[in-house]
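Chains as they are written, first to last, in this note's numbering: chain A, 12 to 209; chain B, 12 to 209.
Just to be clear, a hint being listed does not mean it is correct.
The list cannot tell twin chains apart, which means a pair is met if one copy fits it or any two copies do.
Stated by the list, open to error - When the alpha-carbon atoms are kept at most 25 Å apart in a straight line, the in silico SDA-like pairs for lysine to any residue are as follows:
| hint | residue 1 | residue 2 |
| --- | --- | --- |
| 1 | 181 | 20 |
| 2 | 94 | 206 |
| 3 | 94 | 82 |
| 4 | 181 | 125 |
| 5 | 122 | 70 |
| 6 | 181 | 77 |
| 7 | 94 | 41 |
| 8 | 122 | 143 |
| 9 | 94 | 80 |
| 10 | 94 | 47 |
| 11 | 94 | 198 |
| 12 | 51 | 130 |
| 13 | 51 | 186 |
| 14 | 94 | 204 |
| 15 | 122 | 73 |
| 16 | 94 | 119 |
| 17 | 122 | 14 |
| 18 | 122 | 93 |
| 19 | 122 | 144 |
| 20 | 122 | 209 |
The set of hints was computed from the structure by calculation and includes no laboratory data. All of these numbers come straight from a predicted model, not from anything done at the bench.
2 protein chains.
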Amino acid sequence: MRRLSLYLRVLQEADALGVETISSEELARRGGTTSAQVRKDLSLFGSFGKRGLGYSVHELLGAVREILGLDRSWRVALIGAGKIGAALFSYRDFQRRGFHIRAVFDADVSKIGEVWGDLIVRSDAEIERILTDEAIDIVILAVPAEVAQAVVDRVARTGVRAVLNFAPVKLRVGDGIALRNVDMVLELEGLSFALNTR
Amino acid sequence: MRRLSLYLRVLQEADALGVETISSEELARRGGTTSAQVRKDLSLFGSFGKRGLGYSVHELLGAVREILGLDRSWRVALIGAGKIGAALFSYRDFQRRGFHIRAVFDADVSKIGEVWGDLIVRSDAEIERILTDEAIDIVILAVPAEVAQAVVDRVARTGVRAVLNFAPVKLRVGDGIALRNVDMVLELEGLSFALNTR
């Protein structure tokens with residue numbers, strides 16, 4: 012899946028530059044893998060490309076977008092309207108890729124009622140009702156670590172099946188939920204470890 | 012390394028609750044691994060814990076912090092003073108773990124000169140001089156994808172050896188540089204893929 016996301020970026024750049032065909036070697040080089048791996052990855056999803064001619068950028072771009080579920084738009088709710096939440100809300104790369112924020116929640120009474128774009132920040136007491144009413148596909152969690160598990164438990168009970176967690180804590184969710192973590196502190200600790208052990 | 016970061020969190024929580032000893036089973040459960048793995052990981056760094064008694068939380072916390080390089084503070088520069096940069100600048104978990112932002116840069120003349128805490132946003136033309144003068148250890152890149160490679164090339168030439176990249180692009184750096192990526196779009200695409208293939 013990660014390699015598909017990388018191929019997608021290479022293809023988007025190539026498409027923006029007006030490039031019409033691309034070789035598996037070029038995809039491999041830019042994606043940090045081998046051309047054999049590229050051919051294997053793409054063959055799993057159908058028959059693309061012609062031997063010696065490379066892949067049609069336009070055709071392959073469409074196919075990869077479809078495989079990744081990016082040919083449709085996803086309804087996203089953001090829980091946590093703090094600084095990280097605000098940065099995510101205005102992050103245009105999310106919108107551009109079809110992730111549309113349809114609801115924002117916070118527990119802080121001073122935040123509730125704020126106008127964010129065409130949304131109003133709602134009380135966290137309304138999470139269950141609004142996630143259901145708005146048919147939310149994906150929840151972005153940008154809440155403090157201490158409350159993240161309790162919030163994700165509530166989200167799980169609404170039937171949402173995908174969560175992107177920004178709280179620096181390892182969450183436990185059932186098998187039916189896809190969970191991804193963006194853990195900035197963990198990455199900085201990785202750098203600290205690398206510098207420290209040199 | 013990732014497991015060490017997870018153990019660190021469990022130990023910090025235990026310490027905050029006044030817990031004095033912790034078993035390898037408990038560390039394993041919370042860190043999502045096995046107690047044999049915990050014992051193996053920790054044995055690499057010296058001899059901790061007593062059979063049947065568990066580990067001293069205080070002692071192990073100090074040791075893990077030292078291994079991760081978190082017993083010292085790191086001098087960090089933030090390149091990119093947009094929304095993501097601003098959110099990172101005010102992210103208290105960075106400071107709390109010894110990552111201190113000492114310089115902020117932007118290419119936008121309307122941002123240069125802004126006062127952020129006790130810093131002034133500097134022109135990106137000053138990157139080389141200030142990274143050197145301030146003896147920066149770690150650079151956080153929060154710039155648009157299109158310019159990220161050019162900026163990281165400049166950073167690399169100053170001798171900085173650790174980069175945390177938030178731009179949604181795969182950067183190429185030399186072997187001497189530790190590079191970590193926080194790629195929010197990639198994680199969302201992972202969720203989209205998971206929802207799409209169910």
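Each hint, compared with the structure:
no.: 1; hint: 181 - 20; result: between (29 Å within a copy, 9 Å between copies)
no.: 2; hint: 94 - 206; result: neither (29 Å within a copy, 28 Å between copies)
no.: 3; hint: 94 - 82; result: neither (30 Å within a copy, 27 Å between copies)
no.: 4; hint: 181 - 125; result: neither (30 Å within a copy, 36 Å between copies)
no.: 5; hint: 122 - 70; result: neither (45 Å within a copy, 41 Å between copies)
no.: 6; hint: 181 - 77; result: between (30 Å within a copy, 22 Å between copies)
no.: 7; hint: 94 - 41; result: neither (33 Å within a copy, 28 Å between copies)
no.: 8; hint: 122 - 143; result: within (22 Å within a copy, 41 Å between copies)
no.: 9; hint: 94 - 80; result: neither (29 Å within a copy, 27 Å between copies)
no.: 10; hint: 94 - 47; result: neither (43 Å within a copy, 40 Å between copies)
no.: 11; hint: 94 - 198; result: both (19 Å within a copy, 20 Å between copies)
no.: 12; hint: 51 - 130; result: neither (44 Å within a copy, 50 Å between copies)
no.: 13; hint: 51 - 186; result: neither (28 Å within a copy, 28 Å between copies)
no.: 14; hint: 94 - 204; result: neither (27 Å within a copy, 28 Å between copies)
no.: 15; hint: 122 - 73; result: neither (40 Å within a copy, 38 Å between copies)
no.: 16; hint: 94 - 119; result: both (13 Å within a copy, 21 Å between copies)
no.: 17; hint: 122 - 14; result: neither (39 Å within a copy, 36 Å between copies)
no.: 18; hint: 122 - 93; result: both (8 Å within a copy, 22 Å between copies)
no.: 19; hint: 122 - 144; result: within (22 Å within a copy, 40 Å between copies)
no.: 20; hint: 122 - 209; result: neither (45 Å within a copy, 36 Å between copies)
Comparing the model with each earlier hint shows violations of hints 2, 3, 4, 5, 7, 9, 10, 12, 13, 14, 15, 17, 20; every other hint is respected.
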